[in-house]
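2 protein chains.
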Amino acid sequence: MSKTVTACLIVIGNEILSGRTREANLQYLGARLNELGIRLAEARIIPDNEEAIVEAVNACRAAYDYVFTTGGIGPTHDDITSACVAKAFGLELERNAEALAMLKTHYKAEDINPSRLRMADIPRGAALIENPVSKAPGYQIENVIVLAGVPRIMQAMFEGFRHRLAGGQKMLSASIASFIPEGNLAAGLAQVQAANPDVEIGSYPFVRGARLGVSVVLRCADGNRLAPAAAAVRDLIRTLGGEPMDEEMA
Amino acid sequence: MSKTVTACLIVIGNEILSGRTREANLQYLGARLNELGIRLAEARIIPDNEEAIVEAVNACRAAYDYVFTTGGIGPTHDDITSACVAKAFGLELERNAEALAMLKTHYKAEDINPSRLRMADIPRGAALIENPVSKAPGYQIENVIVLAGVPRIMQAMFEGFRHRLAGGQKMLSASIASFIPEGNLAAGLAQVQAANPDVEIGSYPFVRGARLGVSVVLRCADGNRLAPAAAAVRDLIRTLGGEPMDEEMA
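As they're listed, the protein sequences go chains A and B. Take the first sequence: its letters are residues 1 to 250, numbered as in the numbering used here. Take the second sequence: its letters are residues 1 to 250, numbered as in the numbering used here.
Hints may be right or wrong, so weigh each one.
Below, a list of computed lysine to any residue pairs in the SDA-like style, where the Cα atoms sit at most 20 Å apart [to be verified]: (1) B:Lys135 to A:Asn184; (2) B:Lys135 to A:Leu212; (3) B:Lys3 to A:Asn49; (4) A:Lys108 to B:Phe179; (5) A:Lys135 to B:Leu212.
Quick caveat, the hints were computed from the structure, so don't treat them as lab data.
Start from the sequences, fold in the hints, and give me the full structure.
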């Protein structure tokens, strides 16, 4: 039996919910985790609020193999992620010597003020995650991985850290487009889905130029099950007078 | 006392979690709800999975004044939102005569096949929300509002529907940028926050050209409390040798 490894992303930040800032980490993490055989099964966007953060961290770490958080680990008063993660685990938040040494490679001595020192306050026992951009680290405690919110920094942290993640069987996928309207494809697609219950089949309409079409995405960890389902979708499209076009997956 | 009206967005779709498709409704809804005095307090992105949808709808409709869902109301087998919302409420999913009439204005008689007819299957008693783009409607049941996932259609539905939402006191905001690094501003900003507990103050670093700066965003329903806090932030920036720049909020 293949094991499905799951993850949840908790995006922490009032600025995302108010519409001020566009969320920009979900798509990246979803795609990268996929490559590692880890399935992003949920994402939650929550405010900079202690009760909301503690509750989300505890609910999600019980429900998923991995929990990623982004945001709220900077130097200002509204950066409360580390204090909340410590509280969720019942751990002390303490000045971390290794994190402090990292900050000292980035800031001049006179710039290491009490606000910036907050970025070295890490829940006790956490394993640090390097930040090659601005040095203030992320960290992992049990199955919870705390990352920066700024996409460039989050991505740099993740790329240096990903080898520490234990993935499961990788999802394979195929994407087949055609200019058959979704509503014409739907009945046949439901039959292909019924005949291939282990393959997850999604249909995503698009407009290209003035033409209406649909991309059918098939996903399965087992290539021997994926291939015949994809072939059935191509046959269906041809039967309906269309031309199946294999697409590169992002 | 002012009333805070809250909302939650449930984004339904495997394609968002897998990284195939970029989520594109959260920012729009967050900003538009703000204008109506409704605070988007959480967003959840969940898969096309009955258990996940029913659970999220029931958890969120108990916790927030309004719940918006996007996605999963098309004609294909993976469009299960309406069946799940009906199940969450313990309502029958039934062919809705008004919705059917709407579809008939868009599709030729011979194109109204059983798959497209699924888009007229609506939980009993729901109030329809018009879809000026492709006619298949959204709907409201109690405090749950079901919208399309395609951003252009979702926005058109929302714009025609928004007058039916009962907002609370509108959040006012100010955004003040400067080229003071966040870590230098942090201590003074914490003091301004402590002196103005009813004003929510967030700080968001940016890089413009090669210069590091920070935008301070202040939010409060009461303009008489917002103004002095914003003035204190401008004073703080000047004290630190910077030039406060008032920004337009999105």
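message: Of all the hints numbered above, which does this structure not satisfy? Sort the numbers upward.
response: none
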